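Number of protein chains: 2
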Amino acid sequence: MINRFARITALALSLMALVTASAAEERGGLILTQNGAALIRSELGDIPLFDSTLEQVRKEIDEEIAFGIDTPVPRDFSGGYTHQRHKANFFAMQKSGALFTILEEEKYAIYVRDMLFQYEDMYLDLPLHPQTRSYARGKLFWQCLNDANWLVYAAQAYDSIYDWLSEAEREELESNLFRPFADHLSIDSPQFFNRVHNHSTWGAAAVGMIGLVMQDQELIDRALYGLADDGLDTTSVDNDGGFIKVEGQEAGFFANLNEPFSPDGYYTEGPYYQRYAMYPFLIFAQALNNARPDLGILEYKDGVLLKAVDVLLNLTNSRGEFFAINDGQKGMSIQSYELVTAVNIAYRYGGKDPRLLSVAQQQGRVQLDDAGYAVASDLRNGLASKYQKGPANYSDGANGDQGGIALLRNGNEDLTALFKYSAQGLSHGHYDKLSLSLFEQSSEVLQDYGLARFVNIAQKGGGNYLPENTSWAKQSIAHNTLVLDETSHFGGSYDVGSQHHSELNFYNADSDILQVVSARENNAYPGVALLRTVVMIKDFGLEKPIILDIFKATTSSVHQFDLPFHYLGQILDTSFEYSAEPALLPLGESSGYQHLYLEGVGQTSDGIATFSWMNDNKFYTITSAVEETDSLLLTRLGANDPDFNLRRDPAFIIRRRSSGDTLFASIIEPHGSYDRVTESAVDSSSHVVNLTVIRDGADYTAVTFELTSGETKFFAMANNNADPNTVHTLSIDSVEYQWAGPYLYAER
Amino acid sequence: MINRFARITALALSLMALVTASAAEERGGLILTQNGAALIRSELGDIPLFDSTLEQVRKEIDEEIAFGIDTPVPRDFSGGYTHQRHKANFFAMQKSGALFTILEEEKYAIYVRDMLFQYEDMYLDLPLHPQTRSYARGKLFWQCLNDANWLVYAAQAYDSIYDWLSEAEREELESNLFRPFADHLSIDSPQFFNRVHNHSTWGAAAVGMIGLVMQDQELIDRALYGLADDGLDTTSVDNDGGFIKVEGQEAGFFANLNEPFSPDGYYTEGPYYQRYAMYPFLIFAQALNNARPDLGILEYKDGVLLKAVDVLLNLTNSRGEFFAINDGQKGMSIQSYELVTAVNIAYRYGGKDPRLLSVAQQQGRVQLDDAGYAVASDLRNGLASKYQKGPANYSDGANGDQGGIALLRNGNEDLTALFKYSAQGLSHGHYDKLSLSLFEQSSEVLQDYGLARFVNIAQKGGGNYLPENTSWAKQSIAHNTLVLDETSHFGGSYDVGSQHHSELNFYNADSDILQVVSARENNAYPGVALLRTVVMIKDFGLEKPIILDIFKATTSSVHQFDLPFHYLGQILDTSFEYSAEPALLPLGESSGYQHLYLEGVGQTSDGIATFSWMNDNKFYTITSAVEETDSLLLTRLGANDPDFNLRRDPAFIIRRRSSGDTLFASIIEPHGSYDRVTESAVDSSSHVVNLTVIRDGADYTAVTFELTSGETKFFAMANNNADPNTVHTLSIDSVEYQWAGPYLYAER
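Note that the protein sequences, when read in sequence, are chains A and B. Using numbering that gives the first Met the number 0, you'd call the opening residue of the first sequence number 0 and step up by one each time. Using numbering that gives the first Met the number 0, you'd call the opening residue of the second sequence number 0 and step up by one each time.
Simulated from the structure, these hints should not be mistaken for lab results. One should not assume that every hint holds.
The list makes no distinction among identical chains, and a pair is therefore deemed to hold if it is satisfied within one copy or across any two copies.
Claimed, not checked - 27 Å max Cα-Cα, derived BS3-like pairs, lysine-lysine:
no., residue 1, residue 2
1, K244, K106
2, K543, K86
3, K388, K106
4, K543, K388
5, K86, K617
6, K351, K385
7, K351, K388
8, K712, K537
9, K543, K58
10, K106, K329
11, K306, K617
12, K58, K617
13, K306, K329
14, K351, K712
15, K388, K537
16, K388, K86
17, K385, K306
In this text the structure is predicted, and so the values were computed from the model without any measurement.
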């Protein structure tokens, strides 16, 4: 449906091209427009955030100019000198161009021109980059991706000085640098350019933006719709194991807008890569919006690009750091320049949402363009309002029908549960269906490991993905989800995983007391139906909400079930006895288990196991209903890790060997805190004294839990009926419960 | 010498008592004086820091009053309810008393009175606290120490309402509560009261302060000079293994001022306990200063109490957290109430040092008394100046002749090396002679483990010292110092360790380029002389200083030498090959080695070993001159730790088996940083390419090191002559070096 729409739009665009070509003589500016620059100049000195950004950029570029231009012969991986230098160059060029347009000081134009001609001087003679690791090698950098980064920025720089250059200079740059550069990224590298992937988005933006500056319709079309004939087959994979070509899939910028974004604006690879991809998406969109307002690119797919900005801002902890979903390096945040761009563009072209102004204030800088000006001047005018994060349920998949990501989050944003029931997430996806992560403000309570990579740190595998990303970080056991028979979901096969997604059962975050999400996964293990329900309850006078976690497996065969809780920090106490291992050996052979040391094994006949720990001066307890034959494993990461690439993080794993259906019910309870200055421990003990599964059937699941206050609570759910109006009746211990909708939370 | 002085002062005091007794009718106030309160009242609303503190305290106490008074029957260890409640009570009483004096609102007096009478009602019938672990059990708390805390605060509370109470009420409180309480802490508990120890300081302050309020000269004398006959023998030890009685040692407040403080103001137990002890020292001193100004308590021992405040402020990282020396829980900082008291008193009575005002500003609150008023009003008057921390060399021991603690610290306070060559540090001392810790701002580069204890966290051994404090934290291998034959210094014997201390060789921090400290230890291992020299060099255009570490052992016998570097974070790279262990086993049997897992072993014939890691987004490299037969051990803490009481921290250990003298020369180099938002790694590689020992003799040691810039540097030292004027001549490779003083740093 969307693809057909794209085609119709394409047709309209081609017609438009005839019109715009003639109007192209009047250049308005690619990103920073001539009108915008004039307005900015008239207000300089009176738009604090813009002024301070300009001052900082000016200082930075003056230093670069003083340092001189260096365009070394390409040699290094990311992290090495030539990589870092070429990267610094494209940022500097773009900024210098913006300074020229705003300040009209010629030295900034000269700097851009001289640098471009240094590149022009070398480009045609450049072989492929000497590092051969990439599936699509660049010329300035080891991979086309970085070359595309370069061109996206260089196009902006070129645009800034376009009118200032002579026609002969433009001709020379375009023939010897820009066109062959764009061709290398597209025609010469279809495996990079002609797919749906964040790499290709960069490729499209690069080719399209230089096309817009050069007023070259062929390049623009190539960027928007991809290469018609790419000669790719459907078996090739990239460096991350992702498929390059999927039968019948479109390519180009529109296809990349269609495919990875769900209608809600969630990007299937997760927020870390969404952040990375947002820049080319939005900067190219901004350019198209300026050059082709008729295209309505920002309204495309019901304004998905602007929605995506909101999703990205909401998928952060209290410090504005993105939650790690799939491959994602922790610590990346709304402070990144991509998010500055995103927030500025979303503000200026997305209805001037005043909440975005407070985010911009936090970011402390703006883009040096029309959008940045709009933000800075409205901030000055006092229009900002708080950006309140909330619970959310974001669908995944181009049509929003491939599962999703849900956030349960209490009012003051102190506690956030992230529940992943999404699609595979392309080549950066991990095998963690129905996984749960938990955050208290900026602390990780139950962590997702993230990626096994030290981005741009040359000593660690050139800054690239490490072998442990595949052998550990992607595996199911590296996540807080159920793992059967020491095998990852879909057997850890990307091929199989890519064909499936989980399904939402129900989601409701309307109540202050209870938020809930429930989803099922029927394909992770053949013949096994998984249903996990996560409930955040803020009740019974406790200071912090608790998480009730009910994980049901339906199967007719015998399996070993492992439910890991990846806590951090130090164990305080357990209700069960355990023996500490005298020597540490790997817990298993493969699927990530080879990386876990077994530190201790416990067991209990109490019916519940409690496990308390302390992290970041806060206390936590898991209370889980367990069977006498369950093993309670204490593990530590780090086995079979010869290069010490993995952190030595702990986990608590409930292991059960079961024939047929089984149910794991747990309460994860944040409580209290410790002050290292007053040395006072407040609320250091759990408030949950019991947790009992009182019904575990195909139709209904019900649990009760008791609190130190003496209260007993009851939660029941229909396992196969999410209809909000169906009335259910359940009789337990001769008490009859009746309710409408998929679940009931009540006093017992 | 000092003891004799104390005795003379005692005599003077007894004479004074006759005078003061008659003047005692005019009560001026113990801590908050009547005059002070009048002045404060007149300025309320115009002294911001005082006003905000008052408002906060008022809110807190109003909540306590609303909550009601609870004085439960004593039952729990620290961390448990009854402990926490009685602790909260004494703080509340003292604050409520201050509010009454300042605000003259009777409800605050009533609250104090009612609480005191509730205690009075129970006290005489109270048995010893039911928990039997302490060597000196209290009645309200499990140890006398906490009872003494109670009385120090209760004395202030009582003083605040003294005139407001009827004589009959005072008589009742004094007979049934205060006097028996003071007697229990002293006469009934000589093992607690009559020694030189932070416990006894609290005891003296408690007894002395209630004595001052009650105007009871006998109690005051007992506090100042101790019990004449305590019936203690010299073999008993306390819970920490410290000796209770040392032959010939005085007791009481003066003795506690004489003994643990060096003339420089360093407290032999280390800053964590110094901070704890400062409160009773200073609050009692403030009371004595008010009641007995003639005594000149703050000038005693050349103003040692005020010097101690300065030492304490300087022994902190950039966040104001104390360096962990001996038993010390990390995170304790200048934000503690003890330091608020210390800074306020030191300011008011110690010459109004304007640097202390900026510390008070950071603390964000003041004492509600004359000293707090002085700070708040002078802050308002804009008198504050920056508290610049610097290098320092603090002597240890009552007479300053028992070694010491040195800090090397660069100008902007970014890097601090802490070198410990002190005495044992009483019962909280660790066995780490010549140990080195290194800090970059608030990050630990080379850590001291600190203590193995979770103070006030009941789940962890009642919040008390854990067995691993003895088996790991106190052991030499838990520190960055040389360990021979897998045995701690002095065989880990407190008895032996207490008889010795290291000796300063030389110290110099006069140069911007080079700061140096050198000390020797001849008693840690029989027949082995240890000499360690630590040099901080800020030179050759590097952004951060480097640490040159030269550790020389002189012996005629065969030993195994282990030099551990307790880094934190993740390994990036090593210059040497190593094999990672497939299974983790303890490195040794005892002396802390039983707690270390061996993760890997390397070796190299390169002459140097480099070891790089990343912590807290910063890069570090150790470059060490090693021999081909040295083993390079990678270890991880956590073996034989059944209750998971220890953190899983790593270490890099250079192990050498050597017959006769040996030398370890290393450069510890902080370099660069990583930004998780821009993902840029700056300066991630070491700048040191070589390190060579070119002279290792009994007389001289000399090393050279080479930098990536091509520069080669030379450091030479005389091992046995610290005289600054002696001229040395050393010929190496036919180059003749001549210099005056103990060391030479030059170009090679």
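Outcome of the hint check:
In this homomeric assembly, K244 and K106 never come within 27 Å of each other (Cα to Cα): the closest approach is 46 Å inside a single copy and 80 Å across copies. Taking the shortest alpha-carbon separations for K543 and K86, only the inter-copy value of 25 Å comes in at or below 27 Å, while the best intra-copy value is 45 Å. Within a single copy, K388 and K106 get their C-alpha atoms no closer than 44 Å, and across copies no closer than 44 Å, so neither meets the 27 Å cut-off. Only within a single protomer do K543 and K388 lie at most 27 Å apart by alpha-carbon distance; the minimum there is 17 Å, versus 40 Å between protomers.
For the homomeric pair K86 and K617, the shortest alpha-carbon distance between copies (21 Å) is at most 27 Å, but the shortest distance inside one copy (41 Å) is not. In this assembly of identical chains, K351 and K385 lie within 27 Å of each other by CA distance solely inside one copy; the values are 14 Å within and 44 Å between copies. Proximity of K351 and K388 under a CA criterion of 27 Å is satisfied intra-copy only: 18 Å inside one chain copy versus 48 Å between copies. In this assembly of identical chains, the alpha carbons of K712 and K537 lie at most 27 Å apart only when taken from the same copy (12 Å versus 64 Å across copies).
For the homomeric pair K543 and K58, the shortest alpha-carbon distance between copies (23 Å) is at most 27 Å, but the shortest distance inside one copy (47 Å) is not. In this homomeric assembly, K106 and K329 never come within 27 Å of each other (Cα to Cα): the closest approach is 39 Å inside a single copy and 53 Å across copies. With identical chains, the CA atoms of K306 and K617 are never at most 27 Å apart, being 35 Å at best within one copy and 36 Å at best between copies. In this homomeric assembly, K58 and K617 come within 27 Å of each other (Cα to Cα) only across copies, at 25 Å, whereas the closest approach inside a single copy is 43 Å.
Proximity of K306 to K329 under the C-alpha cut-off of 27 Å is restricted to the intra-copy arrangement: shortest distance 23 Å within a copy versus 45 Å between copies. Neither within a single protomer nor between protomers do K351 and K712 lie at most 27 Å apart by alpha-carbon distance, with minima of 45 Å and 60 Å respectively. In this assembly of identical chains, the alpha carbons of K388 and K537 lie at most 27 Å apart only when taken from the same copy (17 Å versus 47 Å across copies). Proximity of K388 to K86 under the C-alpha cut-off of 27 Å is found in neither arrangement, the shortest distances being 34 Å within a copy and 39 Å between copies.
In this assembly of identical chains, the alpha carbons of K385 and K306 lie at most 27 Å apart only when taken from the same copy (18 Å versus 48 Å across copies).
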